[in-house]
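8 protein chains.
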Amino acid sequence: MKTFNIDEERHQRIGFPEIVYGRSKPLDYVRNILEYYTDKGENTLITKLQSQKADILSEEYQHSFYDPVSEVFILRKTENDDTNAKVAILSGGTSDAFIVNEVYYTLSFLGVPSERIMDIGVSGIHRLLTRVEKIRQYDVLIVVAGFEGALPTVVGGLLPQPVIAVPTSVGYGVSKNGQAALSTMLSSCANGITVVNIDNGYGAAIAAIRILNMIGR
Amino acid sequence: MKTFNIDEERHQRIGFPEIVYGRSKPLDYVRNILEYYTDKGENTLITKLQSQKADILSEEYQHSFYDPVSEVFILRKTENDDTNAKVAILSGGTSDAFIVNEVYYTLSFLGVPSERIMDIGVSGIHRLLTRVEKIRQYDVLIVVAGFEGALPTVVGGLLPQPVIAVPTSVGYGVSKNGQAALSTMLSSCANGITVVNIDNGYGAAIAAIRILNMIGR
Amino acid sequence: MKTFNIDEERHQRIGFPEIVYGRSKPLDYVRNILEYYTDKGENTLITKLQSQKADILSEEYQHSFYDPVSEVFILRKTENDDTNAKVAILSGGTSDAFIVNEVYYTLSFLGVPSERIMDIGVSGIHRLLTRVEKIRQYDVLIVVAGFEGALPTVVGGLLPQPVIAVPTSVGYGVSKNGQAALSTMLSSCANGITVVNIDNGYGAAIAAIRILNMIGR
Amino acid sequence: MKTFNIDEERHQRIGFPEIVYGRSKPLDYVRNILEYYTDKGENTLITKLQSQKADILSEEYQHSFYDPVSEVFILRKTENDDTNAKVAILSGGTSDAFIVNEVYYTLSFLGVPSERIMDIGVSGIHRLLTRVEKIRQYDVLIVVAGFEGALPTVVGGLLPQPVIAVPTSVGYGVSKNGQAALSTMLSSCANGITVVNIDNGYGAAIAAIRILNMIGR
Amino acid sequence: MKTFNIDEERHQRIGFPEIVYGRSKPLDYVRNILEYYTDKGENTLITKLQSQKADILSEEYQHSFYDPVSEVFILRKTENDDTNAKVAILSGGTSDAFIVNEVYYTLSFLGVPSERIMDIGVSGIHRLLTRVEKIRQYDVLIVVAGFEGALPTVVGGLLPQPVIAVPTSVGYGVSKNGQAALSTMLSSCANGITVVNIDNGYGAAIAAIRILNMIGR
Amino acid sequence: MKTFNIDEERHQRIGFPEIVYGRSKPLDYVRNILEYYTDKGENTLITKLQSQKADILSEEYQHSFYDPVSEVFILRKTENDDTNAKVAILSGGTSDAFIVNEVYYTLSFLGVPSERIMDIGVSGIHRLLTRVEKIRQYDVLIVVAGFEGALPTVVGGLLPQPVIAVPTSVGYGVSKNGQAALSTMLSSCANGITVVNIDNGYGAAIAAIRILNMIGR
Amino acid sequence: MKTFNIDEERHQRIGFPEIVYGRSKPLDYVRNILEYYTDKGENTLITKLQSQKADILSEEYQHSFYDPVSEVFILRKTENDDTNAKVAILSGGTSDAFIVNEVYYTLSFLGVPSERIMDIGVSGIHRLLTRVEKIRQYDVLIVVAGFEGALPTVVGGLLPQPVIAVPTSVGYGVSKNGQAALSTMLSSCANGITVVNIDNGYGAAIAAIRILNMIGR
Amino acid sequence: MKTFNIDEERHQRIGFPEIVYGRSKPLDYVRNILEYYTDKGENTLITKLQSQKADILSEEYQHSFYDPVSEVFILRKTENDDTNAKVAILSGGTSDAFIVNEVYYTLSFLGVPSERIMDIGVSGIHRLLTRVEKIRQYDVLIVVAGFEGALPTVVGGLLPQPVIAVPTSVGYGVSKNGQAALSTMLSSCANGITVVNIDNGYGAAIAAIRILNMIGR
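Residue numbers (the working numbering), protein chains in the order written: chain A, 126 to 342; chain B, 126 to 342; chain C, 126 to 342; chain D, 126 to 342; chain E, 126 to 342; chain F, 126 to 342; chain G, 126 to 342; chain H, 126 to 342.
What the hints contain is simulated information worked out from the structure, not anything from laboratory work. One or more hints might be untrue.
Claimed, not checked - Partial chain D-side listing against chain B, Cβ under 10 Å, derived:
1. Arg135
2. Tyr146
3. Arg148
4. Ser149
5. Tyr154
6. Asn157
7. Pro292
8. Ser294
9. Asn302
10. Gly303
11. Leu307
12. Asn325
Claimed, not checked - Here are the computed lysine-lysine pairs in the DSS-like style, where the Cα-Cα straight-line distance is at most 27 Å:
13. Lys211/G x Lys165/H
14. Lys301/F x Lys301/B
15. Lys178/E x Lys211/H
In this text, a Cβ means the ideal position worked out from N, Cα and C, and glycines have one as well.
Let the hints inform the model, and build the full structure from the sequences given.
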């Protein structure tokens, strides 16, 4: 039984292919989708795929890549050419690495080189201030933060590029599940920051690509 | 007593001047700020300024402009050259006009021509479908919606540009205050939409300018 | 000890029998209920029965049926005659299959044929548009969606039948647990959509039967 | 400037015309819409139109009707033929009259006779029990309730018709704004009740018409 | 190290002894408390004690009693004399048995006989109506309900005794965790119902004892 | 048109008459209800009646009584015999007087004498401690508190009677609307406190009467 | 009737006198309290007293002081000696002046000189950085912020003193009512910041005094 | 790959070193950080480190200390000199021991002796009252409470020192996750209490140190 309708013309229509959300799909459904793409000779990226499922699929697909931190699964990974990175992925600490990596591998899969700059959180603001000129080189800034989520506000006040803020579910008490970080980012008094859903590293990567496509057109 | 520190180098630092939030400032404070800028020979934009305050200031400042729908107050308004619009502002209905106009006048103030396309809500999807090719011409799409807020999702699935979604506080019951529209936009399964705060038309305008600045650099 | 009072005349009173909610009942309680119905020679449907309990009961009851995706357990399943389906069950993706199936098997148990049409989500709206005429044939539409839950709104704007919207708990961040999808569906600006509880596929099926009973009376 | 795109083929497409939401539209916008319809010789229904606006429009449009309890404004009201009512509108008390009337006048506008049965709340359950046989005559039941919102559950357990539950914003403390009533109705253990947004009497009326259209096709 | 200060005069001060909350206490702490009471020759009741801890303690204390459904642990259980019950514990279904039993065993421990009457939920209201005269015999009614929690409202409208409502965490979607049932009970338009915390069967039992003590004084 | 069904046998059935909620009823509806009762020669109590309505009715009904603090309206007030009070109404401060009075006048209307003891809040605990023996004399304690709502917990730990806690909407920030006080009261670690809805002084009074009726039977 | 019990020994017990919350108290109650203190020859501070009440009282009490921005009313105001300020009150903008002033006048009333430093918000971080050495001179820092509330986090990362964060209700959308600012401050990854209720400038002032009292003891 | 930037001058800047949050960091990241500090000959404190990770690290680091109740991990623990304690850590019961200990060990690590006083909850207020004079000796009071969280309010009304309130996630129903305790503490009518995030014992310890540093300067 074929139970899904792949949105095949998506790439042509909006500039990037359909990507698969892995969390709530049973293993069999995921396997069917991989088969479908393999038959067509195309690559696939699956986000938020739990390690139990990924371990089985990794054995079945020799050329696949799986990052256990971000739970990203890629069939036939391409290399990221960091020397020419267009996007900087900033974060306040290594606790957010699971989303930083989701952004990084999604961009890599879609052919966009990026660079990760972690541990520049606002409670030690000097670590950010000394890197301002370096960060000014990138076309798009993706800023990832959990807990109180203030990093994008400060970045937005210092730099002129598009800033895409990604709240993460890292935290406890009132910041559990990322709601506090999300509210902070949306309320930011800094001008012109935009926000994606909590833990939606993948969506931030695509938003960056929408912007890069405009720069290039 | 001078009780405020204008952020004077903001334009140079991040590409646009400081803009004033009017809602919670007493009339006297707003008047001081206007005086400050007038003395320097500069323009000013004040957002969400209630009409009672605006009416008084309009009398005091001959060349000012006030739009009562969006509560935007501008000292020395410049004309919007619609024939070369770079940004399209889409909305589901005239109920959202107060935010559509906030975007429109903010962009205009900052020298960016834009065009407003209202009444293309998802409950009558054909009204959007027949305009897809026209909308494809713009560099950035700002999509404004209250109630269930589904318009950005559909737009994002049809078009490749950067999509900045603005939830509005229009609605009642569970959609009162814009929380439902905000959640919809953040949860959107369409790829790469970004979101600003509820009723934050001004922030969406600035986000568009950050992108346009990159295209031009 | 007999600790329950079966509502025996429910079928006669409101047109369908009592159905059992399995999640929070200990195995012993569920077994007692099955015994009670078996003694009377009647069929039973249990919803949301975890697999650990279902596996044990499947061994004890030879003619039972269990669908692990939807966690529906049926004593003596009847066949669904799809050729004459009265109800269409639409969904945005295979992630919602667990609720689509709960609707499907509940309707089947109560003798109402239905058809499942998955993967027609709003981020690729053309997949829905090309099926509009086919969907127009059914008497009742049950539309299942997680994440941002916009599908029922679009369906309601295109088709005239009763639309019963079922939000699912599929999603993460602000759409975790289905609250965002629920709000979207309740706020829908499309006219005349009705909604049931998050993940309540069973309730949607019964609502459809209430309507079909009226058509037939 | 024509700032709206009326969805003109809606009646043909889904069986009822576009209806106007009045709350957040400035008077000028509402007047434009009325003019548009008047020019085409068509009737119009505006919901949730505040009395300040309605009083002005009532003077301008001689044949208009305005119900201050429900804030429904109708251009050229038609009579409701109660003797042949197809829909019963039930409520727990006169506090909910503003929504009962919104349902009543919307149905009336669309040519569907209905009957209002108020004050049968669950805290005096006998008032409902003595009316069960009378209520059994209607094709569709719309049940309106604020506070704890338990009436639809009890009605659904006693009668076999489609039950559309409408939570209202009547109440205080935890039931302020209708959230408690909404939760009760969605959680109802009675089978097959469906729900619309808080205070959405208009949506309930349209949902009833979708069902009646099916009975008639 | 003695890390706790038992409130020893509580019984004398307010009519019942201190009772131990087991959920968040490590096994060692619980064991210390049991030892303390045993040394004084007194009985102890521990509520919400997980089965892993209870199984170990059951082995160590020969005369203890543990009910796995309600997670109540009692050192030296006394018999409940049902023939002279003063309190009725009503519930809508066997899914709520874990709290019904917590009430039952707490009352029993404190020497108050009670009777459990389950499965009289509001979706089949006749099951309650036929028992009204029987229920009228008790001095206090404790009404336990999850999901939409409407049972106490209906009971309160039919009977004159003190009604203590206990919402339970049974349910899913909007009724998950008991918030919907709690809101319903607090919003109840029936007069004079009082409410305790979600799943707080123990508190309801003590509230009943406060009332019974007054009757007796 | 008679649009309400008075629940006439309520007194006989549950021990107290129907009482009218005034907030959301239009003046005409309230006037109809008063007329109905006056015709039968019976008294009436209306709770939460806004002063604009009350002022008009006070002129029409010579023997009526209206307390603007609690918004209670009574037709033919009876005197409260404080010397034999059975119920004590405790509160933390005069900010809660509007609910203290609602309890007081409701009890008075139903023939139950009570006494008000205000300003014994927990931030100055000695004011309560010096009154413990006096308070021990009453049969039922109704404890009213806004802000953090801790008073009932402390009272419950010191005294053995039934304690009915009433959270009020007095406060700001996180305690605005009474949600914090309600949570505190429901979470109270003191044993056997019961709670009514925020600002529901009337409900607390009726709950006290249910208890007093038991003591007397 | 004397309806309040002033907590007279509070000053002796905890180091500061009782202060009056004005918002929810009727004018008569406030007047009684003022009279009480005047009779004793003592000063009084009333917080959050609406201007309608304050205007009347200002006429009655010649030596009173009222600040309409913060709604603080003081009987016999004392002068603030700014030259020796011990507390700095920092804020992100003049929109927060109503709380900055509440702190300022409360401290002044209690004899503690303080200084206000506004407009150093995080979106223009340099305005704070250039003042770090000046701010280092104060013993206690009170940091007031609305919208996204990130200022205390940055201050806490730069300076070693006690930091008391006060979220304000300034903002709109997700930051309306101060919930976002509160969450940010509680979640702050900066170490050792403490927080008071939204808009509770008065509480922050008292917390500062508790600390200063320790320094002095 | 070095993926973190230690904030090395933090001690010099704000008076205490950077401390590591263990919950969301993978074992490898934690190990890297430990190595880094060990190489520099410095001590380290890691908070909220799950026991699976701690058990492995405890084997690798001979001189480490791990408290499984509070999940605090310390490299080279120093002894706490209780005889000269400056901080008292008060709590309502042993259920809160996991946070009491987090405070205790953090203070100990930073060289500040403290004392733990548990089981003085408000439902048995006399246990607190008899200890008031003893508690008056400390410079700073940290008050830890779950459930309804009323203890800090009562303490603040009795004693003059700085009071830092720590809500814990201990509780169920409306107090689950600590939200009720947090609201109570923020709403406290007692004057000048400050609050930290739910379960943030570590933050409370640092806040105490900020105060103690001022006393000493």
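Hints that the structure is at odds with (numbers, increasing): 13, 15
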